[in-house]
Structures are given as structure tokens and as C-alpha cells.
Amino acid sequence: MTLLDQPAGPSASVWPPDAHGPRRDPAPLLPDPEPFRLLGTPAADKLDPELLLDLYRRLVVGRRYNQQATTLTKQGRLAVYPASTGQEACQVAAAAVLREDDWLFPSYRDTLAVVARGVRPVEALTLLRGNAHHGWDPKAHRTAPLSTPLATQAPHAVGLAHAARLRGDDVVALTTVGDGGTSEGDFHEALNFAGVLNAPVVFLVQNNGYAISVPLSKQSAAPTLAHKAVGYGISGRLVDGNDAAAVYTVLAEAVEHARSGRGPVLVEAVTYRLEAHTNADDATRYRTPDEVEAWQERDPLAVLERHLRAHDLIDDAGVAAAAEAAEELAAEMRAEFHAEPELDPMSLFTHVYAEPTPQLREQAALLAAELAAEADAR
Amino acid sequence: MTLLDQPAGPSASVWPPDAHGPRRDPAPLLPDPEPFRLLGTPAADKLDPELLLDLYRRLVVGRRYNQQATTLTKQGRLAVYPASTGQEACQVAAAAVLREDDWLFPSYRDTLAVVARGVRPVEALTLLRGNAHHGWDPKAHRTAPLSTPLATQAPHAVGLAHAARLRGDDVVALTTVGDGGTSEGDFHEALNFAGVLNAPVVFLVQNNGYAISVPLSKQSAAPTLAHKAVGYGISGRLVDGNDAAAVYTVLAEAVEHARSGRGPVLVEAVTYRLEAHTNADDATRYRTPDEVEAWQERDPLAVLERHLRAHDLIDDAGVAAAAEAAEELAAEMRAEFHAEPELDPMSLFTHVYAEPTPQLREQAALLAAELAAEADAR
Amino acid sequence: MSTATATPAGSTTMAQALNGALRDAMREDPNVLVMGEDVGTLGGVFRITDGLAAEFGADRCLDTPLAEAGILGSAVGMAMYGLRPVVELQFDAFAYPAFEQLLSHVAKMRNRTAGRLPLPITIRIPYGGGIGGVEHHSDSSEAYYAHTPGLHVVTPATVADGYGLLRAAIASDDPVVFLEPKRLYWSKDDVTPGPVEPIGRAVVRRQGTSATLLTYGPSLPVCLEAAEAARAEGWDLAVVDLRSLTPFDDETVCAAVRATGRAVVVHEATGFGGVGAEIAARVMERCFHHLAAPVLRVTGFDIPYPPPMLERHHLPGVDRILDAVARLQWEQ
Amino acid sequence: MSTATATPAGSTTMAQALNGALRDAMREDPNVLVMGEDVGTLGGVFRITDGLAAEFGADRCLDTPLAEAGILGSAVGMAMYGLRPVVELQFDAFAYPAFEQLLSHVAKMRNRTAGRLPLPITIRIPYGGGIGGVEHHSDSSEAYYAHTPGLHVVTPATVADGYGLLRAAIASDDPVVFLEPKRLYWSKDDVTPGPVEPIGRAVVRRQGTSATLLTYGPSLPVCLEAAEAARAEGWDLAVVDLRSLTPFDDETVCAAVRATGRAVVVHEATGFGGVGAEIAARVMERCFHHLAAPVLRVTGFDIPYPPPMLERHHLPGVDRILDAVARLQWEQ
Ligand SMILES: Cc1ncc(C[n+]2csc(CCOP(=O)(O)OP(=O)(O)O)c2C)c(N)n1
Ligand SMILES: Cc1ncc(C[n+]2csc(CCOP(=O)(O)OP(=O)(O)O)c2C)c(N)n1
Ligand SMILES: [Mg+2]
Ligand SMILES: [Mg+2]
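Residue numbers (the UniProt record's numbering), protein chains in the order written: chain A, 1 to 378; chain B, 1 to 378; chain C, 1 to 332; chain D, 1 to 332.
Rather than coming from a laboratory, the hints here were simulated on the basis of the structure. Please note: incorrect hints may appear among the correct ones.
[Unchecked claim] The calculated label-pair distances, taken between Cβ atoms and stated as ranges, are: (1) B:372 / D:292: 24 to 30 Å; (2) A:355 / C:234: 49 to 55 Å; (3) D:231 / A:368: 46 to 52 Å; (4) D:292 / A:368: 34 to 40 Å; (5) C:231 / A:139: 53 to 59 Å; (6) B:372 / D:190: 40 to 46 Å; (7) A:139 / D:27: 24 to 30 Å; (8) C:231 / D:209: 42 to 48 Å; (9) A:377 / D:255: 34 to 40 Å; (10) B:320 / C:57: 58 to 64 Å; (11) D:327 / B:344: 25 to 31 Å.
[Said to hold, decoys possible] Partner residues aside, some chain C positions facing chain A, computed with beta carbon under 8 Å: (12) 37; (13) 41; (14) 93; (15) 134; (16) 303.
Note that the coordinates shown come from a computational prediction; the quantities given were computed from them, not determined experimentally. Glycine is no exception: its CB is placed at the ideal position from the N, C-alpha and C atoms.
Bound conformation, chain A alone (with noise of 0.2 Å):
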């Protein structure tokens, strides 16, 4: 069956004309197996004390609004949450490293992330509550709307971050995708318009083991996620997910190569969703217990504050000074989600197109019909 009688091996280098343009060194492409990890690590006392202990502070809200969406779920208050329990080190720092003028282009467990950029929770959880499709102003927060559809929002990042650097802007896309929205062909063909347009975005992988009940080794064989990188010519990082120093640092450096012009780069972020899916999903029935208590052991959350603690840079009263502020938002959102939301049965003609067209104006006045009807009969 072989031609030849030893295996086929590099050759020498005699190569025809070049019309398929310059090859490129693959190695610096190849990301460190290994995830990039500083708490813990000797790294990590040199770390910048401010920063930590805003990151901190910003953990320890998000854990509350994870917290306070999920007994709003309970109370009937949501449709739907897909919470961040356990992510929330990759949803802040996600938020933390874009300027005010970068795009962030978040996937549907991404909510916190949205509110970390500033959007308040009721409009970031306007499509679970399910009044309306969408909560907050796009253009104002440069956020987009959350994608459900996985993947699908990754070439719109990359058109966006092209779009603008045509327009001469240094802004820069960071999108969010899960282990499991990296097997749709949509992260592929963003992956390769990135490479090839070489626009500035990030995109940051939160593997977390699990596209609902399928583990990663069912989802791909790569070495790591990171590894993808290499067949699009752009750069990878593996990072620590569930250590907010590293997750930072690796994202705000990522954020600056794209910035600069040297790229796009691929995040993949090892973590772990420590709820199930949703509130309607039962995870016991894909993984046990004692997975999950070994991952609540590297909760994003107590490892920083292990670190804190240890390099005395919080106390109780400063941790407390953290909850209190947490507990502020969550008696905003109780607040805000006691109340009914406003409903006009009548917007969901307003907005298909700009205009209305002639059938839809028949047929929202056969609504508003039925809808005076219905008021005469109360």
C-alpha cells in the first residue's frame, strides 16, 4: 500500500511558486497547555492591590445577582435564568477590560457580564422576564443584545470590529462563547473573517465543561479550546477562569493586541457553572455531586478573597463593605421586578419595519378590536 518503504517525514525544502501567500510561523500561535493561573501562584504578589479588591467587590455583586435572578426565577419573576454561579470571574473581567466605546457581543448566560458593563438588571433581564425581547439600548451601553441562538453573534462581533476599524476607530469586539457554542459552524467562519480581515476582537470561551448535559470530551478533541486558534493564524490563550487576577489580566491583554492592530485572539477561560443549566434543568442527572464540590473548593469568589485575606489586603469589614453593596442591587432588582411590567399588546406591530406595512396595519387593527372588545367586557 505505500510507495515508499519508510514512513512519510519533512522533506527537503524545495517549494514551487508562491501564489498562495506568505506561510506563517504556527508556533507563536500555539497556546500553553497549561492555563494560565496568579492567585496562588508567586506571580500574584505583584499584583496591583486596587485592582484586586475591585474585582472582588465586583465578584461579590455578581454572586448576589446570580443569587437574586435565581430566587426571582423562583417567585415567578423570571420566564427563564441561565445563571453564572461559579462564572462570575470571566463575566466581570469580560465587562471590566472594554472601554466605554469597545462592543461587547455577549452569548445568552451572559447577563452579568451586561450589567458589569452598566446596564441595569432589569433591562439586562428583560428577554428571561419576558415582557420584551430586549432590555437596554445597544448603541448606548455598546452592548448587543444576549444571543440564545450559540454562536451566532461571533461574526457580528467581527463585522462590527471591522466596520470599525475601517472607520478609523481603535474599537475592539469581545464576544463570549461556551465549550459547546464552539462546535456551530458560526465560531469557525467568525474565527476565519477575523484571521483574515485581521480585525480587532476578542473572543472569550467560557469552557465550562458542559454544553448542558454533554461533557467537553463529548464536544471536542482538541488539546485544549485555545487550540483553535492556530488554524485561523491568530492567537491563543488558556487562562484560569475561575481566577479573577488571571482571567483580567489575559482578557486586558488580549483587548490591547486586538487594539493595537496585532490581531484578534481566542480566550478560552476553564470554569465551571456550579447551578445546573437553567433553573428547568436537573443536573444531577449528568454529573455528581462530588464534581461539583470539588469546583465550589475553586470558586472564583473564595479564591480571591483567600488571596485578600492572606496578603491582608481586606478584612470583615471590608468583606461586609462588599456584601452591603451587593445587597443594594439586589433589593433593586426585587424592587424592580415587583412590579408588573408594562405591557402594550399593540407594540408588537411597531417595530417589524420601520414602516408598517399594509398588512401588518390590517392586522393590528383586527388586535385593537379585540382588544376594546375585551375592555367593554370587563
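Since the structure of chain A is already known, use the hints to place chains B, C and D with the ligands on it.
Relative to the frame of chain A, chains B, C and D with the ligands by itself:
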């Protein structure tokens, strides 16, 4: 902006509980960025002369096939023909490395590979002739129909290979994709499925430097297309696609790799189409005569003939004999295509479903009546 | 054809009936294989594949990577090798990434190979609204499939049909898009599984003399309810459950419309270019002189599916159906 | 709105008119950007973008990687940043990989963001048959788009509309699926570009008294030919060119049908669930008592598009149209 006063680098290896499956060493996955070559290298001396001569004869037939098909186009006997002139080494090797019970999943340009599998040219070219969508019996020849939507047949190859393994058959599927096709989402999804299922599939990317007019540099920023393998945890190989001995060797090894359960392989063969995209294309719009000429120097047929002559493995008589066999095929093609194909308009309705729906029966009756009226009118 | 064995007699949900159909089909034919996102360990997000991985192993109830084109595309290859894949696409809107595979390969493979490569693939898609789902979780996409030659398109509205139609779909040598009305998953009925009939027959669910409601899937219970309510207005409405959109049962439908001379088509999907347009058009073509009024349509509006709190205004309800019946020109 | 400047007066092909529309739009608005496979250096496989890269540079006439979802998806991001992308998808069937982006994002973005993120994207798709193309090169996919709320769907049938409708599409703040009839690319006409009207109006191309043909795109010339031929049979046929499928011009269409009392809808696409079903259904709903016969449809068969040598049997031709006209119950 940075937490750390030094850039992020690898950290001490402290790593959380492993819920993410084994992380593999990426090193063995990295293809050599120099394409593998044999002809013209010292290793060429050790090649099996019989196999080389066989490849040569196939190349000569293949070239003649391409020429004849192109001529048929000019005579209006084919609706369109995407020639594989210049890529014959890939075409011929792709067929030659497969066992009879292996499957080939060709792309639209690969009619020569189909012919090399034993399908008659008139059947291989049926789609392009225009009398039917498809000519040969796919199951008899273990060769799927030509796939026009690019890369969409790649998942089929994965599914078939996986099904064969489930059945206990050591069958391999080989599918061909162009450099342009690698950008499609389906290519990504196929590679990912193959990696996860460890399916016995070989992906042959014929990188001819262009997708119609779009050069590789606008298609991908990867070091090589073979590097895409890394992101799926599968083996990648780069080969000089105009070196028939090298393509054959690398593909044969890839097929054995897959067959033996060691997983899928992505092979990039660097080659060039010497003709325009199809007869309808004007290649002068996007490439220079100089470039074409330079690649003509690397014509796979010429390269192999040079080698054979230099090593006294063939003489003028041998060359003439090969040409004669090729002329036989050409004559057969002319004869077959000279005849008008039989057309049965009623066949439009016969294979939409196993049983025609009542709707199709009605429509068939309408057409039958029209045809009867047409016949009467004559 | 075969009869149900695993489906318990007595009170059964449609989800259980579907599950039983899968199990029975897998027991009877080792070539039947279930695949999709979360179908294995989890048993599917709607639990339709519950227990199948345990009984038949992970290879025959395959958790796939998260990529719909890859799922359907690899099913094509499996079918080419002799398997009968039953593919689950998790939600209506998440079937769209597989559209290219469906249209350009699945629907066409038999035709383009002149019958040599039939693709016995069943594509299960939970569809429709009324479950309070957020955007992309409530689409009614049947019109896309019904317009695509080469596909059969069926949708059960009763528990018994959940079993019978799914068995028929898996038994079919052609690709079948099997649309499961999400909001009927928990509907209950006594199932007395009979022989599995081939796909293609509509059924009159309620006899009536005044006008005929033509519907399918999630709208059947609404139409039956409307027919009950109509009695108070003095209307005796017939209700036809189409069950199969392709092939279409002109015979049953036209007979039912001719019998009353008036008809309303009801479905959840957007009206413009919806399946209701086809039904209305073909009924009028075939029954024109039997009609006292044009065939009217009660459908979802021509808008993206609304957020949960507003969906009730979008979905055809009893009142809207009765209003349409009232517009059937009774005075003439 | 603006008038044509670059389109030469005199004898112009539709391809040239489209090219002129792109050029004029790009000259007038620096935010207009053309992108797709082979649109740059090559000028597109149909040369519709010829010369644009030379005049406006590779950034504004962008050769993209070969990935339709990526093309449309990145256009979404560009539109979010204020550009007005004009996307070319190379052939009808090669638009299917972008279906998910089109349905779940492009069509819905304005609606889901309550008007805050409009997407002024024009999606040009060469469509239809009659050019001897091999499979996947002749699909008529308008029904998929027309059924999708949030999209405008337009198709020119004349050279002048090639210019005018494309300018209107690019000027629209909503996404427009712009379907270019491949076989009319080389049709010629004298163009006297007038003001660009907004999308949404049908036009009566031929007045008539006996019956009304309703059609669009590639079937318009066939209908006009049929109307000519019908004179020999004593029929005086009106012909309406819809131009825009969404929004639909009920006013013009219904007036034209009421005037004759008889109508035939003609299009190339598969009949079942096609746009013709919608047209027939809505015309009958609205004009029932003005009709002497049901609205009939002459469409492609319910089969995958045939191979080139058989396509003439599939495509609606003059005879088939006249046969339908003959079935309009003249004797009654
Ligand atoms: C295209 C698409 N297919 C399927 C789904 C249904 N779905 C929602 S979340 C989910 C799992 C996502 O896993 P991952 O990407 O890892 O993100 P995570 O939930 O872990 O944050 C699935 C399958 C979807 N939203 N979109
Ligand atoms: C999904 C899809 N999009 C677009 C096309 C149109 N098309 C046909 S061939 C081609 C270029 C293919 O380039 P490549 O993959 O490099 O193969 P090559 O032609 O070089 O053999 C394009 C864009 C197609 N066939 N399928
Ligand atoms: Mg995950
Ligand atoms: Mg190529």
C-alpha cells in the same frame, strides 16, 4: 490597564479538578509547515518503480480526460466543466489509496477522482452534461454524488465512516474539499465530529490557491490549512500536491491511520489549477500568465515523467503506450457524448419520494397531457 | 405494520407516546439510531429520549457535539450506510443552521440519484409556542419544510398520533420532518395503539354541518374548543386534523369542506406565505363552486414570535376563530 | 430620492442597471459597502459588481472568505456600526447556509431591540432557472424569505426596476432580500431612470379585460408573451408585475383582478406552499364575489429543480399559462 507589571506567561502547574476530559499533548498534531515531497529528493530513489509507473499511466489518462471534457464543453456536449487540469496527482491518488469497500465523497471538481474509482466518464459527467443530476450507482461504486454546495458532503463522510465502524466494518471514507471550502461551517463541523467520534475519515484539502478568483491569502490566515487539524485534535499533514508519489504516500498513510482506529487525518495538498475555474470563467481577471507559467513547471505529469525518465524507468515507447491508453478513453468519451442522451420528462416525478404523492400524480398527469399534445402537434 | 408494545395502556402523555415509539422502533430494528444534542445521558431537554441510552447504549442514542448541520449531515452519511437515524433538533429555531443540509441534500438525495440513495431519516423538531419560551424557542417553521419537495412533513396533535405517526415516520424510506407541538407534550390521553398507518391521511376529528375548521398540531385542541364554544352561537363546526402537510390529503379536506360550504384554516405560524395559504388556495381551487364564502385564515401575525407575556395576543385563540367563522358571510 | 447618474441612457442590460445602481449608491453614500464571494477582483460571477473594487477600493468592495453565514453575519455587525452593507450571495441555493443568520438575526434585530438596532442590509441573490444551470444553481427560494417577518422581499423584472428597486433596497433602513432573476441579467431595455420610489408597489404591465396574470421576476416576460399569444384565442389579458412580495400591494393586485374577474398566478418556484399560494389565497379572500372562477396557479412542479435538459418541462411556459387561462370557466 494591566493587573500585572509583566506580561502574562505560563504559570506554575496548579490545576483544578478535572471535569473536562484529558488534555492531550498538541505536539504530535502539528503538521510540518514545509510540504512533504518525494520526487526530486534523495528519498525518491527508494520508491517502488511499479507503483510510480502505475501512477504515471493514471496521470496521463487523467490529463487526457480533462482535455477531452474541456473539448466536449466547447462542442456544447457538457453544460459546464470545472477542469482538474494540474490537480491530477491529487485526483488520481485520492482514488488509488482507497479499497473497493472504502467510500469517496467528492466535491464538484473531482470527476476525475470518480473516474479513477472506476466510474465511466459518461456517468461521472452526467451532472455536468445536464441530462440528469447524477450518473453512477453510488452504492456500487462506494462513491457519493458530486457535491456542489461546498464542504457540505464532509459531514456525510464522517457519518458514513462512523456508521461503518458501528457495524464493525473497517471502511474508510475520504472526502475532498477545496481551499475555499475550508471556510464553510460544514467543514468545521465535520472535522469536529470526526475528532470526537474518532471516525475513520480522511479529509483531503486540495489547496489550489484560489476559490474562483479569491486567493488563499483572503481565505485564511492559518500557517497552512493542515494546521486546522490541531483545533480538532486530529492529525494534519501537508504535502506537495503536484508530486504524485508524495500525495499517494501521504494519503495512503492517512487512510491506514484512519482504518487502524488512530483517528481522522486532514491532508492539505498544495496544488494549482492550470485552467480557469470553469469554462465560463475568465482567469486572466485575477491571475497573471507568469504565475500560471511558473506552475506549469510543476505540472504533476511533467514532474513524474521527468523522474521516470531520469531514473530510466520509462522510455519513449512507454510514454507512447500510456498516451495510447489515454486516447482510448478519449475516444470512448467522444463516442458516448456524441450520442444524444435519452431524456424522459416523466422521470421528473419518479424519484421525488418512494411513492409519488397525490399532488405529484396530478402534476405528472398534467405534463403527460402536455407531452401528448406536443407529440400530436408534430 | 407493527403495533405498539412499550406504550402502556391507560393515561399517557404525548411525550411518553413519542418515547415509546422510539423505543419500540429501536427494539424492532437495530438500524434505528437516535442522535442529537443532550439526547443521551439527559434523555433530551423534553425527555423524549429518556431511557434510550440506558437500554440501547450510547452508540445508538448518541449525544452529539453542538452543531445542527453536523448532526443532520452526519445522519445523511449514516443513512447512506444503511442506518435509520432519528435526529433531534432541540428547538424549532435551532433547526435553521441545518437548513442547507436539509434542502440541498436530505430533500434531494433520492431524486438526484434516481432512487439509488434514499435517506430514511426522521428529523424530530419540537415546534410552536404557547409554553412561555423566550425568543427562538417558539417558532412555527413548517412552511419552510412543506415548501421543500422531497420532504414529508407531519405533525401529531393527539397522543395516539404521537406514537403512530412517529412509528410511520421512522418506517418511511423518505426523510420525514416530524414536528412535535411542544405545548402538547404533556397532553394526556388513553392510547390504544393500532396498526401503524403510512403517512398522508388527514382525519376528521369532529363532524359538523355549518363550517369546517382545517388545522393541525398545536392548534387542534384550540379548534376543538372553538367548535364546542360555537354551539352556543348556533354553529356546528367540523374539525379536520391534517396530520400530514406533505403529502396533503386533498380528498379528506375537500370532502369536509364541500360538506359545509365554508372553511377556516387555523395555525400558529405567521400567516403570510404560511401553510394556511396553500390550504386556502387549494381548497378554493378545488371547491370553488361549493363555497358560500372565501376560505378564511386565522394564523399568527406577520411578526417575529412575541415575548412570552404577549404571546397570547399572537396565538390563534377561540375568540379569534369564532370571529372568523362569523365573517363567513352567513347572511348571504 | 435620488436619480440615476451612472446608468447610461440607451440600451442597457439588467446586469448593467444593477451595476449602475451599486455604483451610484456607493458614490452617494460612503457607508455603502459591497461584500461577498468574488465580488472584488472578479467583479462577481455575473459581473454585477464589475469595476466597483477599482473605483472604491478593496475595502468597500470586499472579497470575503467562502462562508455565507460568515458573510451575512459580519454584515450584521457592520450595519450595527453604521455601514450599509450590500451582500452578494452567489447563487440561490448557496444562500441556504446563511439562513440562520437571516431568520434569527437579520429579520428580527429591529423588532427585538424595539427599533434601536435597525439593519439596513441589502442581500442580493441571483435566483431562478432557465439558464441551463446544474443542480443548486436554479432554485427559486422566495417563499422562504416572504414567509419571514422582518424582511422585505423584492425582485425586478425589468431593466429599469433593476436600477430603481436596487437603489430603493439600499436606501431602505430595513433588510431587503433582493432577488435577481438570473435569466434576465442580459435582457435589454432603454432605461430612463426616474426618481427612486420606495419598495412596495406592484405595477400593471399590460392592461386587459378578460383575465389577469399575476407574476413577478423571471416570469414576467413569459406572461407578457402569453398575453400576446392569448389575443389569438380572443383573450385580452392584463399582466401585473408584483415587484415586491413583502410588502404586498393588495390594492393594485385586487383592483386588477376585480377588473377582470379572473386571475392566474405564475411563478417558477415549486407550487406547494409557494408565494403563489399566498397570492391566490389573499386574492380570493378579498375578491371572492368578483371572481367568476377560482384563482389558478401555474408554477414549477413540486420537485427538486430539474437538470438543464429537462428544465423546460418544469418552467411555466406560454402554453401552460394559456391552458390555465382556458380553465377559468369561461362557459359559465
Ligand atoms: C444553535 C443552537 N442550538 C441549540 C441551542 C440550545 N441550547 C441552549 S444552551 C445549550 C448548551 C450551550 O452550551 P455551551 O455553549 O457550553 O454554553 P453554557 O450553557 O455552558 O454556558 C444548548 C444546546 C441553542 N441555544 N442554539
Ligand atoms: C456553499 C457554496 N457557496 C458558493 C458556491 C459557489 N462556488 C462554486 S466553486 C467556488 C469556489 C470554490 O473554491 P475551492 O473550495 O477552493 O475549490 P476549487 O474551485 O478551487 O476547486 C464557489 C464560490 C458553492 N458551490 N457552494
Ligand atoms: Mg458550557
Ligand atoms: Mg481552490
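Structure-based check of each hint:
| no. | hint | verdict |
| --- | --- | --- |
| 1 | B:372 / D:292: 24 to 30 Å | holds (29 Å) |
| 2 | A:355 / C:234: 49 to 55 Å | violated (42 Å) |
| 3 | D:231 / A:368: 46 to 52 Å | holds (48 Å) |
| 4 | D:292 / A:368: 34 to 40 Å | holds (35 Å) |
| 5 | C:231 / A:139: 53 to 59 Å | holds (54 Å) |
| 6 | B:372 / D:190: 40 to 46 Å | holds (42 Å) |
| 7 | A:139 / D:27: 24 to 30 Å | holds (27 Å) |
| 8 | C:231 / D:209: 42 to 48 Å | holds (47 Å) |
| 9 | A:377 / D:255: 34 to 40 Å | holds (38 Å) |
| 10 | B:320 / C:57: 58 to 64 Å | holds (60 Å) |
| 11 | D:327 / B:344: 25 to 31 Å | holds (26 Å) |
| 12 | 37 | holds (7 Å) |
| 13 | 41 | holds (5 Å) |
| 14 | 93 | holds (6 Å) |
| 15 | 134 | holds (6 Å) |
| 16 | 303 | holds (5 Å) |
Checked against the numbered hints above, the structure violates only hint 2.
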